[in-house]
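Engineer: Start from the sequences, fold in the hints, and give me the full structure.
There are 2 protein chains.
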Amino acid sequence: MFNILFGFPALRVIASAPGKITLFGEHAIVYGYPAIVSSIDRRVYVRAEARSDNEVKIYAKDLRIPGVIVTYRHGEVIVETDYGKTLSAIAYIEKALEITSRYLGTRKGVNLEVTSEMPVGAGLGTSAAVSVATIAAYAKVLGHELSKEEIARLGWQVEKEVQGIASPMDTSITSYGGFLKIVGKGGKYEISKVRVDESLPFVIGYVEREATTKDLVNKVKELRERYGAIIDEIMRVIGEVTLRAEKALINNDLVTLGELMNINHGLLDALGVSNRKLNELVYAARNAGALGSKLTGAGGGGCVIALTPGKQEEVEVAMKLYATLTLKTRLGVEGVKVLVERP
Amino acid sequence: MFNILFGFPALRVIASAPGKITLFGEHAIVYGYPAIVSSIDRRVYVRAEARSDNEVKIYAKDLRIPGVIVTYRHGEVIVETDYGKTLSAIAYIEKALEITSRYLGTRKGVNLEVTSEMPVGAGLGTSAAVSVATIAAYAKVLGHELSKEEIARLGWQVEKEVQGIASPMDTSITSYGGFLKIVGKGGKYEISKVRVDESLPFVIGYVEREATTKDLVNKVKELRERYGAIIDEIMRVIGEVTLRAEKALINNDLVTLGELMNINHGLLDALGVSNRKLNELVYAARNAGALGSKLTGAGGGGCVIALTPGKQEEVEVAMKLYATLTLKTRLGVEGVKVLVERP
Numbered sequence: 001m002f003n004i005l006f007g008f009p010a011l012r013v014i015a016s017a018p019g020k021i022t023l024f025g026e027h028a029i030v031y032g033y034p035a036i037v038s039s040i041d042r043r044v045y046v047r048a049e050a051r052s053d054n055e056v057k058i059y060a061k062d063l064r065i066p067g068v069i070v071t072y073r074h075g076e077v078i079v080e081t082d083y084g085k086t087l088s089a090i091a092y093i094e095k096a097l098e099i100t101s102r103y104l105g106t107r108k109g110v111n112l113e114v115t116s117e118m119p120v121g122a123g124l125g126t127s128a129a130v131s132v133a134t135i136a137a138y139a140k141v142l143g144h145e146l147s148k149e150e151i152a153r154l155g156w157q158v159e160k161e162v163q164g165i166a167s168p169m170d171t172s173i174t175s176y177g178g179f180l181k182i183v184g185k186g187g188k189y190e191i192s193k194v195r196v197d198e199s200l201p202f203v204i205g206y207v208e209r210e211a212t213t214k215d216l217v218n219k220v221k222e223l224r225e226r227y228g229a230i231i232d233e234i235m236r237v238i239g240e241v242t243l244r245a246e247k248a249l250i251n252n253d254l255v256t257l258g259e260l261m262n263i264n265h266g267l268l269d270a271l272g273v274s275n276r277k278l279n280e281l282v283y284a285a286r287n288a289g290a291l292g293s294k295l296t297g298a299g300g301g302g303c304v305i306a307l308t309p310g311k312q313e314e315v316e317v318a319m320k321l322y323a324t325l326t327l328k329t330r331l332g333v334e335g336v337k338v339l340v341e342r343p
Numbered sequence: 001m002f003n004i005l006f007g008f009p010a011l012r013v014i015a016s017a018p019g020k021i022t023l024f025g026e027h028a029i030v031y032g033y034p035a036i037v038s039s040i041d042r043r044v045y046v047r048a049e050a051r052s053d054n055e056v057k058i059y060a061k062d063l064r065i066p067g068v069i070v071t072y073r074h075g076e077v078i079v080e081t082d083y084g085k086t087l088s089a090i091a092y093i094e095k096a097l098e099i100t101s102r103y104l105g106t107r108k109g110v111n112l113e114v115t116s117e118m119p120v121g122a123g124l125g126t127s128a129a130v131s132v133a134t135i136a137a138y139a140k141v142l143g144h145e146l147s148k149e150e151i152a153r154l155g156w157q158v159e160k161e162v163q164g165i166a167s168p169m170d171t172s173i174t175s176y177g178g179f180l181k182i183v184g185k186g187g188k189y190e191i192s193k194v195r196v197d198e199s200l201p202f203v204i205g206y207v208e209r210e211a212t213t214k215d216l217v218n219k220v221k222e223l224r225e226r227y228g229a230i231i232d233e234i235m236r237v238i239g240e241v242t243l244r245a246e247k248a249l250i251n252n253d254l255v256t257l258g259e260l261m262n263i264n265h266g267l268l269d270a271l272g273v274s275n276r277k278l279n280e281l282v283y284a285a286r287n288a289g290a291l292g293s294k295l296t297g298a299g300g301g302g303c304v305i306a307l308t309p310g311k312q313e314e315v316e317v318a319m320k321l322y323a324t325l326t327l328k329t330r331l332g333v334e335g336v337k338v339l340v341e342r343p
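Listed in order, the protein sequences are those of chains L and Y.
All residue numbers for the first sequence refer to my numbering, where the first residue is 1 and numbers rise by one.
All residue numbers for the second sequence refer to my numbering, where the first residue is 1 and numbers rise by one.
Be aware that one or more of the hints could be misleading.
Pairs involving identical chains hold if they fit within one copy or between any two copies, as the list cannot separate such chains.
[Said to hold, decoys possible] DSSO-like mimics (lysine-lysine), calculated; alpha carbons at most 30 Å apart, straight line:
| no. | residue 1 | residue 2 |
| --- | --- | --- |
| 1 | LYS221 | LYS311 |
| 2 | LYS219 | LYS311 |
| 3 | LYS160 | LYS221 |
Read the hints as simulated data drawn from the structure, not as lab findings.
Structural biologist: What follows is the structure, given as structure tokens:
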């Protein structure tokens, strides 16, 4: 991978961290209801190799992450993805190195190579995975094994410093892996693990977004201003769907989980955040045998997720007809991990 | 139209009655929440001509109406359309003649010709329109001018006797025309007029049904058994959407009306009664400029309605790509009416 200029092999580690999807509760989380997020088995890999000098070299050629603007307002969190100005992943990597050095009180020269198994900018949490994997790899090169709690906290700090402000959702799920329930209110977050025995087979389909996250969050906000109780009750129902889904996850009751995904999708459609392409994907998946399917994230395009035990091929083929990109994956995989390639 | 065998012209009348759509509240009405129905400006015409003998001749060649089974159970009304055994419109016409004779205590020979501007079996209330127009026409031939109240009541009786059991929804709206709010509970109905100044431009798109009304009502019932409070709350939200829509109708606030249609559609999607084809139509209409669109009736196929001020052509063209049949229409037109063609 690198030209080794030293007479003896340098310490080389590989850290990886998974992408994420929101399984239940997007939009409702802005109004104080819980969301469930999950890791997916598409990972970002950061290979780090100690250098004998103090230089840092970063190889992350094709990894560009859209700029993200996150705004707090009256206790709401608005995450805005800016497709105009794409921020290179480099900003996250540099900040991760800086924050890790500061935290550990030491620094060392390092070569870094970053690669991703996920499309960047599709709402799969690539920037958080890059930040977290970089922290874990660099800490290891510096001779430290950070806990997941430490990595998650430092990762959140990276996102906050790069983006101005950020929710801890993405950096938590990519650090801990599995499934997490998150409740956010007034800028504070409660994060708890949802214990699920096995990872779950999913297909993800991506279509281009027609609107930014900020536009969509504002659209829902305006709808709420116009229709008060109606929208509040839809949010409350989404909250109940999410809590019911938590039980279904714990009981490994996939039929119920699928039905709840379908209900959640209809409620998101009622909020006006679905569109023709997302619904095409949602119904293509169901008609091909998915137990459930829904849009994930802010909507207006982006990803649709489908629960597909025993039907991954069929569902992926059906979704390919409508999607720019599809991927078969599993939900609930391991979070950040570090391997030493060469001592 | 007929061979006139008499030396002088016989009394000849034309009665017409409109079709209908459900604007808001389908499915929720089964659970005691209000629905709003509207007449559409596609009509059934019944030409009636007195005969000098006592014979009755009915010309209704291409007018076949699917058999309908309506069941009451625990205060729920289940309307089942049976595509296997299509009942000829003749059954409704014969029953309408019989009931009108009985009510007025007189009978007379008559030639009847029945034609329809609507597709039959698409959920547009053709059987009610046929029944009501026949009653009005025959009463006139018998020398009586029945009130709309009388016609609606007799029409309901026709549907009940032909089908075994029926709700008064279709026969009321085709008699009174305009917009009606209907609340049904435990087999009793409250029907009130919604006063709307102008008729509203709509496009209707029809696709084949994949499931019967009974299947869909049962599907929702099973979902409610599994997810109790979640489904109850969705029904309550639909009820609120319907009441809010009543205000928007009265205020002629079409933007709000359209948004509420979109919300209602998402909630129906959450109940699992939409499908891929209906959603294609719904989004094709919105993308072509409809202010709002939703499935109407039981779902699983059938009709989508779109509110289209100034955009009827564009929306119809867009919907034609996905629909078996489209029609431009206006909502809230006049109910049953009778004209004397020849004294």
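Engineer: For every hint, state whether the structure bears it out.
Structural biologist: So, going through the hints one by one against the coordinates:
For the identical chains of this complex, LYS221 and LYS311 are inter-copy neighbours only, at 27 Å across copies versus 37 Å inside a copy, given an alpha-carbon limit of 30 Å. Taking identical chains as interchangeable, the C-alpha atoms of LYS219 and LYS311 lie at most 30 Å apart only when they sit on different chains, with a minimum of 23 Å there against 35 Å within one chain. Taking the closest pair of Cα atoms, LYS160 and LYS221 come within 30 Å of each other only inside a single copy of the chain (24 Å); across copies the shortest separation is 47 Å, beyond that limit.
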